[in-house]
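Chemist: Please build the complete structure, drawing on both the sequences and the hints.
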Amino acid sequence: MDSSLAPQLPCHADPMVPFRILESDGTLAAKAVSPMEDEQVFRALRLMMLSRAFDAKGISLQRQGRFGTFSPVHGQEASVVGSAFALDPSRDWIVPQYRELPALLHQGLPLEQFILYFNGHPAGGRIPDGVRLLPIQISLAAQLPHAVGLAWGLQLQEIDGVVLTYFGDGASSEGDFHEACNLAGVVKAPVVFFLQNNGWAISTPRSRQSAARTFAERATGYGFNGIVVDGNDLLAVYAVTAVAVERALAGLGPTLIESQTYRLGAHNTADDPTRYVSQEILKTWSDRDPILRVQRYLASRGGWNDDTASEVHDDISRTIDRALAAARAVPPPTAKDLFEHTYAELTQRQARQLREYGL
Amino acid sequence: MLEAIRDALGSEMAADDRVMLMGQDIGKFGGIFRATDGLLAKFGDKRVIDMPLAEGAIIGSALGLAISGLRPVAEIQFLGFTQQAFHQIVQQVARMRHRSRGRFVASMVIRAPFGGGVRTPELHSDAIEAQFAQAQGLKVIAPSNPYDAKGMLLSAIRDPDPVLFCEPLHGYRFIKGEVPSSDYTVDIGKANVVREGSDVTLIAWSAAVNLALRAAEVLSMEGISANVVDIRSLLPLDVDSIVAAAEKTGRCVIIHEASLTGGFGAEVAATISSDAFYSLRAPIERVTAPDAPYPLAAAEQMFIPGVERVLAAARRTLEQQ
Numbered sequence: 005m006d007s008s009l010a011p012q013l014p015c016h017a018d019p020m021v022p023f024r025i026l027e028s029d030g031t032l033a034a035k036a037v038s039p040m041e042d043e044q045v046f047r048a049l050r051l052m053m054l055s056r057a058f059d060a061k062g063i064s065l066q067r068q069g070r071f072g073t074f075s076p077v078h079g080q081e082a083s084v085v086g087s088a089f090a091l092d093p094s095r096d097w098i099v100p101q102y103r104e105l106p107a108l109l110h111q112g113l114p115l116e117q118f119i120l121y122f123n124g125h126p127a128g129g130r131i132p133d134g135v136r137l138l139p140i141q142i143s144l145a146a147q148l149p150h151a152v153g154l155a156w157g158l159q160l161q162e163i164d165g166v167v168l169t170y171f172g173d174g175a176s177s178e179g180d181f182h183e184a185c186n187l188a189g190v191v192k193a194p195v196v197f198f199l200q201n202n203g204w205a206i207s208t209p210r211s212r213q214s215a216a217r218t219f220a221e222r223a224t225g226y227g228f229n230g231i232v233v234d235g236n237d238l239l240a241v242y243a244v245t246a247v248a249v250e251r252a253l254a255g256l257g258p259t260l261i262e263s264q265t266y267r268l269g270a271h272n273t274a275d276d277p278t279r280y281v282s283q284e285i286l287k288t289w290s291d292r293d294p295i296l297r298v299q300r301y302l303a304s305r306g307g308w309n310d311d312t313a314s315e316v317h318d319d320i321s322r323t324i325d326r327a328l329a330a331a332r333a334v335p336p337p338t339a340k341d342l343f344e345h346t347y348a349e350l351t352q353r354q355a356r357q358l359r360e361y362g363l
Numbered sequence: 020m021l022e023a024i025r026d027a028l029g030s031e032m033a034a035d036d037r038v039m040l041m042g043q044d045i046g047k048f049g050g051i052f053r054a055t056d057g058l059l060a061k062f063g064d065k066r067v068i069d070m071p072l073a074e075g076a077i078i079g080s081a082l083g084l085a086i087s088g089l090r091p092v093a094e095i096q097f098l099g100f101t102q103q104a105f106h107q108i109v110q111q112v113a114r115m116r117h118r119s120r121g122r123f124v125a126s127m128v129i130r131a132p133f134g135g136g137v138r139t140p141e142l143h144s145d146a147i148e149a150q151f152a153q154a155q156g157l158k159v160i161a162p163s164n165p166y167d168a169k170g171m172l173l174s175a176i177r178d179p180d181p182v183l184f185c186e187p188l189h190g191y192r193f194i195k196g197e198v199p200s201s202d203y204t205v206d207i208g209k210a211n212v213v214r215e216g217s218d219v220t221l222i223a224w225s226a227a228v229n230l231a232l233r234a235a236e237v238l239s240m241e242g243i244s245a246n247v248v249d250i251r252s253l254l255p256l257d258v259d260s261i262v263a264a265a266e267k268t269g270r271c272v273i274i275h276e277a278s279l280t281g282g283f284g285a286e287v288a289a290t291i292s293s294d295a296f297y298s299l300r301a302p303i304e305r306v307t308a309p310d311a312p313y314p315l316a317a318a319e320q321m322f323i324p325g326v327e328r329v330l331a332a333a334r335r336t337l338e339q340q
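The listed protein sequences derive, respectively, from chains H and V.
Mapping of the first sequence onto the working numbering: residues 5 to 363, in sequence order.
Mapping of the second sequence onto the working numbering: residues 20 to 340, in sequence order.
Just so you know, the hints here were simulated from the structure itself, not pulled from any lab data.
By construction, the Cβ of each residue, glycine as well, lies at the ideal position given by its N, Cα and C atoms.
Mixed in with the good hints there might be a few duds.
[Claimed, not checked] Listed below are the simulated DMTMM-like cross-link pairs for lysine to aspartate or glutamate, each with C-alpha atoms no more than 20 Å apart in a straight line: (1) Lys-61(H) with Asp-319(H); (2) Lys-47(V) with Glu-22(V); (3) Lys-65(V) with Asp-164(H); (4) Lys-195(V) with Asp-56(V); (5) Lys-47(V) with Asp-26(V); (6) Lys-209(V) with Asp-178(V); (7) Lys-267(V) with Glu-215(V); (8) Lys-267(V) with Glu-338(V); (9) Lys-192(H) with Asp-64(V); (10) Lys-65(V) with Glu-162(H); (11) Lys-192(H) with Asp-69(V); (12) Lys-65(V) with Asp-44(V); (13) Lys-209(V) with Glu-349(H); (14) Lys-195(V) with Asp-26(V); (15) Lys-61(H) with Asp-276(H).
[As the list claims (entries may be wrong)] Computed footprint of chain H on chain V, listed as stretches where at least three residues anywhere in the stretch have a Cβ under 8 Å from a Cβ of chain H: (16) 62-72; (17) 247-261.
Modeler: Below, the structure is given as structure tokens:
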């Protein structure tokens, strides 16, 4: 693509104001135009609702001891789904952290793989061939240099594609964030740094992570653009991510997107946010619920009513039940799984140790 | 030694378009030790890349480059500075194959010199190879001579798994040897008996192998026949060869430049004592640096194991009947 034709990120006189298209009541902001077709919005909404339903199911199963510790997306569905929808899964890559379930599904990961992973089954780490997705990352921000290297590698080999990597406000305090952004700026890697500022790193508030006014403004120091977007606005997230992707494809390098959203649930199933989150703040953000906003928008356009809602709910329940059944059908791991894939071949010692397991 | 490394890099880059070099000052400057001298001119700046000064980004982005289909060979100027990328090497690079169940593999090499004796500033000489020997999924190798350096570097670049290639800093210019210009490889994971002997077995890797050979020479003048084993590969470890060499003489001296406690010699000693216990005729000796941080240059000769300590340890093993 001719880089002079690449779109510009939306620009507000005040860089503190998040870019928004859809208001909380489901109406379009003044002069705003939807970047998504209604059919696309409907599919995105279904995925957001699937994510919300899976969170509830996962927490319930975890409480019964039938599912492992995992991190719900609850509250951040527009942020995750809007960004993922701006990618082409047959061309672009996602390098995730661990709170982005619907993006992984959109990219092509079967839900049962995700369930297996958080159930602690080694097979859950396998990303199916052809799915452009790296495994979930537990070591915060460690995935950012990988994303830059992967994007840079595509560029060096003249392969069309963009890499979008997810991380949070807490992870941005890690040294890997700085090193990755710095390198990405230098080599103009086709990468999108998608920072989900959900207000919390477990119990540590955003104010303890950085004295910068916004995370997005840090991009200036690395020589590329940063933008703040309303992370509870599906349309706005989609729009800015799509621009960042087009710019990366046009050779204009990285973009840092700060998606301002809110973690309505817990950090993970071992967390107790009632110790540090006030009910007032929760209420404020619940009123900005990203799913309600899209439902109101579609309803105003005749694309959402009680019948469609109940159809989608039923469809989602069936999808989750099928995935849970598929995951349950996978045989439990054996000692072989401990050693396999450490290296291309077992070492002398591994072969002996495997025999000690009677295999 | 340096020429052997440069030869391996240049020939593999010519043979395989995917191979690329990345590191600090490796372009026009040719690397601080000139290991990449002339390669920028020959292969261009898309394959010989000067990186920002950030070890974590060098290693972390190399992993991404490998996943994209390239074969990065990253140079870290000194092994001590790999600690600024420790989490990338140990958590990320080493485990990628395992955690993705074989879907993604960090096919890459990390080259770094280590060891003392050249009066470097602080932190440049630390022998921290044992810290990586617990990184299952990584291969950790440390050749002692130019022939092995070329053959093992070619093996490392062609290896599907990530390899930490530790080069003997002291040996870059001091260790000389014939190196064929032809393409050949030396297997990773195989120890090598570099001198046959029957009275005592000296076990070492990297620069310490040369110390062992010098000690063997002195011992031979006293009528003592020393068997010298170059481990070459710490991870994976060639247990069979080490045990066979220990059984051959029943007396073992392990030599390394790292401090005693937790040094890789402990692993070798434990392996011998469990697998060759009934062949042992004397306690296993370890000749290592003392348990202290690597000192500033004026004190390093007291720190690094010298030939006298190796000889004394070998003689002690022979005092036992």
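Chemist: Is it true that the CA of Lys-65(V) sits at most 20 Å from the CA of Glu-162(H)?
Modeler: Within the cut-off at roughly 12 Å; holds.
Chemist: Given the proposed pairing of Lys-267(V) with Glu-338(V), does the C-alpha separation stay at or below 20 Å?
Modeler: holds, 17 Å
Chemist: Verify the proposed pairing of Lys-61(H) with Asp-276(H), using a straight-line Cα cut of 20 Å.
Modeler: It holds: about 18 Å lies between the C-alpha atoms, which stays within 20 Å.
Chemist: Please work out if Lys-192(H) and Asp-69(V) have their alpha carbons no farther apart than 20 Å.
Modeler: Between Lys-192(H) and Asp-69(V) the Cα gap is close to 15 Å, so the pair holds against 20 Å.
Chemist: Next pair to validate is Lys-209(V) with Glu-349(H); report whether the Cα-Cα distance is within 20 Å.
Modeler: holds, 15 Å
Chemist: Are the Cα atoms of Lys-47(V) and Glu-22(V) separated by 20 Å or less?
Modeler: holds, 17 Å
Chemist: Can you confirm whether the C-alpha distance between Lys-192(H) and Asp-64(V) stays at or below 20 Å?
Modeler: holds, 15 Å
Chemist: Counting residues of the segment 62-72 of chain V with a beta carbon closer than 8 Å to any beta carbon of chain H, are there 3 or more?
Modeler: holds (count 3)
Chemist: Below or equal to 20 Å on CA atoms is what counts here, so check Lys-47(V) against Asp-26(V).
Modeler: Given pair Lys-47(V), Asp-26(V) holds - Cα atoms ~17 Å apart, limit 20 Å.
Chemist: Please check whether the segment 247-261 of chain V has three or more residues whose CB lies within less than 8 Å of a CB on chain H.
Modeler: holds (count 5)
Chemist: For Lys-65(V) and Asp-44(V), compute the direct alpha-carbon distance and say whether it is at most 20 Å.
Modeler: holds, 15 Å
Chemist: Straight-line Cα separation of Lys-195(V) and Asp-56(V) no greater than 20 Å?
Modeler: With a Cα-Cα distance of about 18 Å, the restraint between Lys-195(V) and Asp-56(V) holds, given a limit of 20 Å.
No hint from the list above goes unmet by this structure.
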